[in-house]
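If you read the protein sequences in the order shown, they are chains A and B.
Heads up: the first sequence begins at 138 in the numbering used here, then just goes up one per residue.
Heads up: the second sequence begins at 5 in the numbering used here, then just goes up one per residue.
Note that these hints are calculated values from the structure, not bench results.
Each hint should be verified, as a subset may be incorrect.
[Claimed, not checked] Okay, derived cross-link-like pairs now, EDC-like style, lysine to aspartate or glutamate, Cα gap no bigger than 16 Å in a straight line:
{"id": "1", "chain 1": "B", "residue 1": "Lys57", "chain 2": "A", "residue 2": "Asp373"}
{"id": "2", "chain 1": "B", "residue 1": "Lys465", "chain 2": "B", "residue 2": "Glu426"}
{"id": "3", "chain 1": "B", "residue 1": "Lys223", "chain 2": "B", "residue 2": "Asp256"}
{"id": "4", "chain 1": "A", "residue 1": "Lys221", "chain 2": "A", "residue 2": "Asp184"}
{"id": "5", "chain 1": "B", "residue 1": "Lys57", "chain 2": "A", "residue 2": "Glu371"}
{"id": "6", "chain 1": "B", "residue 1": "Lys300", "chain 2": "B", "residue 2": "Glu110"}
[Stated by the list, open to error] What follows is a set of in silico ranges between Cβ atoms, one per label pair, in the way DEER data are often shown:
{"id": "7", "chain 1": "A", "residue 1": "Glu441", "chain 2": "B", "residue 2": "Glu36", "range": "52 to 60 Å"}
{"id": "8", "chain 1": "B", "residue 1": "Asn38", "chain 2": "A", "residue 2": "Gly409", "range": "51 to 59 Å"}
{"id": "9", "chain 1": "B", "residue 1": "Ala306", "chain 2": "A", "residue 2": "Arg515", "range": "50 to 58 Å"}
{"id": "10", "chain 1": "B", "residue 1": "Arg252", "chain 2": "A", "residue 2": "Glu551", "range": "49 to 57 Å"}
{"id": "11", "chain 1": "B", "residue 1": "Ser262", "chain 2": "A", "residue 2": "Asp379", "range": "50 to 58 Å"}
{"id": "12", "chain 1": "B", "residue 1": "Asn188", "chain 2": "A", "residue 2": "Glu441", "range": "54 to 62 Å"}
{"id": "13", "chain 1": "B", "residue 1": "Asn38", "chain 2": "A", "residue 2": "Arg515", "range": "40 to 48 Å"}
{"id": "14", "chain 1": "A", "residue 1": "Pro380", "chain 2": "B", "residue 2": "Cys42", "range": "40 to 48 Å"}
{"id": "15", "chain 1": "B", "residue 1": "Asp254", "chain 2": "A", "residue 2": "Arg515", "range": "23 to 31 Å"}
{"id": "16", "chain 1": "A", "residue 1": "Gly234", "chain 2": "B", "residue 2": "Asn188", "range": "40 to 48 Å"}
{"id": "17", "chain 1": "B", "residue 1": "Cys42", "chain 2": "A", "residue 2": "Glu186", "range": "26 to 34 Å"}
{"id": "18", "chain 1": "A", "residue 1": "Ala200", "chain 2": "B", "residue 2": "Cys42", "range": "31 to 39 Å"}
Yeah, the Cβ is synthetic: ideal placement off N, Cα and C, and Gly gets one too.
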Amino acid sequence: MSLHELGVRQAAEGLAEKKFSSVELTQAVIDRVREKDSEIGAYLTFDEEGALASAKAADEARAARNDLPLLGVPVAIKDLINVKGQPCTCASKMLKGYTSPYDATVIKNLKAAGAVCAGRVNMDEFAMGSSTENSGLGVTRNPYDLSRVPGGSSGGSAAAVGGNLAIAAFGTDTGGSIRQPASFCNIVGLKPSYGRVSRFGVTAFASSLDQVGPMTKSVDDAAMLLQVLAGHDEMDGTTPKDPVPDYMKAMEGASMKGVKIGLPKEYYDVSGLDPEVKRITDEAIRSCEAAGAELVEVSLPHTEYAMAVYYIIAPAEASANLARFDGVRYGHRSERSDDVFNLYARSRAEGFGPEVKRRIIMGTYVLSSGYYDAYYGRASKVRTLIRRDFEEVFKKVDTLLTPVAPTPAFKIGEVQDPLTMYLNDLFTIPGSLAGNCSMSIPAGFAQSGDVKLPVGVQFICDAYREDSLLRIGKAFEGLSGK
Amino acid sequence: MEFENTIGLETHVQLKTNTKMFCSCLLKTGCEPNTNVCPVCLGYPGALPVMNKEAVKLTVMSGLMLGCEINRHATFDRKNYFYPDMAKDYQISENGNPLCIGGGVEITRADGTKKFIRINHIHLEEDAAKINHYAAHSGVDFNRGGTPLMEIVSEPDISSADEAIAYLTALKEILVYAGVSDCNLEEGNMRSDVNISIRPVGAEKLGTKVEIKNMNTFKGIHAALEYEARRQRECMVHSIPIVQETRRWDGDSMETASMRSKENAHDYRYFPEPDLVPVALTEEQVAEWKALLPEKPEVRRARMIEEYGIAEYDAGVLSQHKANADYFEAAAKGLDKKTAKLLCNLYMSDVMALMNATGKAISECAMKPEALRSLVELSAKGTINGPTLKELLPEIFEKGGDPVAIVEERGLGAVSDTAALEAFVDQAIAANPNVVEDYKAGKKAAAGFFVGQVMKLSKGKADPKMVGPMIAKKLAAM
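Just chain A, with the same shape it has in the complex (with noise of 0.2 Å):
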């Protein structure tokens, strides 16, 4: 096995038992990236001296202390999250040029705990889409069928890790932006609860959805990078101060013998769903109750509302969110600012693409005098409801198991129309609007043509028991015959 082609757990592993360096370790996935991303475009910017220099500073603190749990893994970075000295264009012309002056909590987090933090990753601008085709840096292609789309919005991450680009990496997820790309790309990616990771110095989408999450070739991976993830942040009022437990602990003799699997009804009941990836999904499921699992057809009645519920709240936000991106203090400032009104209405109309003003209008309108009863606040009653959904299931059963995307990836270019795009989060958009935990591994793959597609299945746990979502995703993925 080439030293890129390692997950956390082995890298780290590796280096603990000095059997190579982090500098080679890292050299490697620089070797790797040169030779394969001018096909694949994960990356957008990857400062080789920068990543060289930490792995040395790595190797070298390695003599002095062995029990930093990431030292000197080199680990991939969305383009929006912040890191101190990087670019953080969030694939968007609007931040092209920009230099971050500060670290995000989650970078913080990962460089005590050793990481290096070396390239950043393409994504859809300002995390919005499902195919990365939206990102106004570059495109992106899915490392298993090079004509088709990663997913998105975390497509440089996925395709980064899916392609052994990257020993793993890290994305955003506010209504499928981890899990879609996760099962494209045949690579394990986690949606933490919401309030579990700090969002401090992640760049807002959806402030009320947004969270960040490790995307791994392994659920041991998963488990280690949110280990260093998680936990209260005085600098995100939204992270309580509930204990994080130890997660590789947790998943210590997983096994699927009397785990109470969910099979919501509405999950199922859905038109457009893929008969390759209904074929996964059942195999899936019948491979867990041959594991011993106990499977239970429950309901989530409000499920057909999420969608609408998401397209009002998320873009409300958003609206807000990427209202700073004015021209004033950073980013792109339009040549024709003649006065104050044209610096906003220039700056902003050349800095975002399509898919972003498409959503900053929506959420415009739905905020505004007249409207907000009828939309945002009808939706956020809509929202609870759908919580509720989720908690009751949650007094029955251990897990749902779900589709994750209704398709496998599909060729770029193919899906013009917004809202057949929007349709790929349907499965994953309930859980963000309930702040739920959920995880999309590997599950098999469709047969498309004479191409294999990866497909993964979903799993979703209550809030904030990520070690119970561990330990079942732990337990399927060393299931036989799925």
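Once you have looked at the hints, place chain B on chain A.
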């Protein structure tokens, strides 16, 4: 036709916190532009607000002082508008669910009658940055951006410019008293927007409301209200419709001018701030803050009259400024009513005169309250006489020190020993036989001359109150 005014005020008060509303940047004036800034108050991508608990505490304390009901589950909202002074292009404020609800203040009108002005609510928000305009460009200084502001919204209970100023004066007195704000008008600590409409006396329906912004002095608010009431009256008299609009006060031309009409009013698109959880105050927390509240000025005034036996006027003056009242009460500790009254007289006349002359507040003078107390006690007991007291006071005010020790060290104690005094009296009489003759001839004022002589001989230490009768007795016997 007779008209009446309906006036309501929205008063922004800067809270006395060390740091900004949502970040740990220091609040300091007079710094280079954009030096007290960070990613949070500059609205950088990814930055999040962190609640300043001290600002919540000061707002709740203000609410308690003003008799408001405290909302223990207040929530924040985003108020969206684009302007270069607002880093995020939205302001974090409390729209529908503020910290303090109801309450009010009592004002005293010019004719001495009292009136209660109700408060609708008090909410907490962040201040905008400061825009400086230059010849060819404008600059934004974010040092002020994110300062905690409390907005006190009155009910439209005010009916004249005078009442508006009385209301603001009362508010200021209470807030300075509670220590929640310096309410320094020059520094923009207290800024008001006013709403005013007029209607014929007796009319049921309120007139069309006009909002006036951009006033930062009481004088400006008074002038703007007077002007606007006059303008609206003239509109009414000449049947010119009054437009619902926002007007700006121009302090140079002393006029209000239209800024924007209702049709062009901002749509702020308020929605709940997702980055902040509700405030969630426990009953215990509110009780703890309540215990920190100082007495209200009017309550203190009444208590001081009762406790120290001082005049209503004096109690009023003393209680108006917390520092004076605190100092007086510290000095009066343990004194009987008679001595406390002496202390009060001394404070009201001599001490205040010294404060005026030196430009020093009582907190800035070197004299400790205990020193003033022992000075008054020395005088009351007759250990020192009046002239010595007046001589020592400025010195101790300026340089501090213990009066007992100073009197001892310099031998300033009043001579009250009868034998010693008699010796001085005899000496004075013996040295001035012609004055004795004058006295005998009926010039009774000559007695005063001998008192002066005795004071001189005793180097000012004789007690004039004892000397006077002694001389009278001696002269009578001659």
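Each hint tested on the structure:
1. B:Lys57 / A:Asp373: It holds: about 14 Å lies between the C-alpha atoms, which stays within 16 Å.
2. B:Lys465 / B:Glu426: Given pair Lys465 of chain B, Glu426 of chain B holds - Cα atoms ~14 Å apart, limit 16 Å.
3. B:Lys223 / B:Asp256: Given that 16 Å is the threshold and the Cα spacing comes to 13 Å, the pair holds.
4. A:Lys221 / A:Asp184: Since the Cα atoms of Lys221 of chain A and Asp184 of chain A sit roughly 13 Å apart, the hinted pair holds (cutoff 16 Å).
5. B:Lys57 / A:Glu371: holds, 13 Å
6. B:Lys300 / B:Glu110: holds, 12 Å
7. A:Glu441 / B:Glu36: 52 to 60 Å: holds, 57 Å
8. B:Asn38 / A:Gly409: 51 to 59 Å: Check passed, 53 Å falls within 51 to 59 Å.
9. B:Ala306 / A:Arg515: 50 to 58 Å: With Cβ atoms ~54 Å apart, the hint holds.
10. B:Arg252 / A:Glu551: 49 to 57 Å: Distance hint for Arg252 of chain B, Glu551 of chain A holds at roughly 56 Å.
11. B:Ser262 / A:Asp379: 50 to 58 Å: holds, 54 Å
12. B:Asn188 / A:Glu441: 54 to 62 Å: holds, 58 Å
13. B:Asn38 / A:Arg515: 40 to 48 Å: holds, 42 Å
14. A:Pro380 / B:Cys42: 40 to 48 Å: violated, 30 Å
15. B:Asp254 / A:Arg515: 23 to 31 Å: Distance hint for Asp254 of chain B, Arg515 of chain A is violated at roughly 45 Å.
16. A:Gly234 / B:Asn188: 40 to 48 Å: holds, 42 Å
17. B:Cys42 / A:Glu186: 26 to 34 Å: holds, 28 Å
18. A:Ala200 / B:Cys42: 31 to 39 Å: holds, 36 Å
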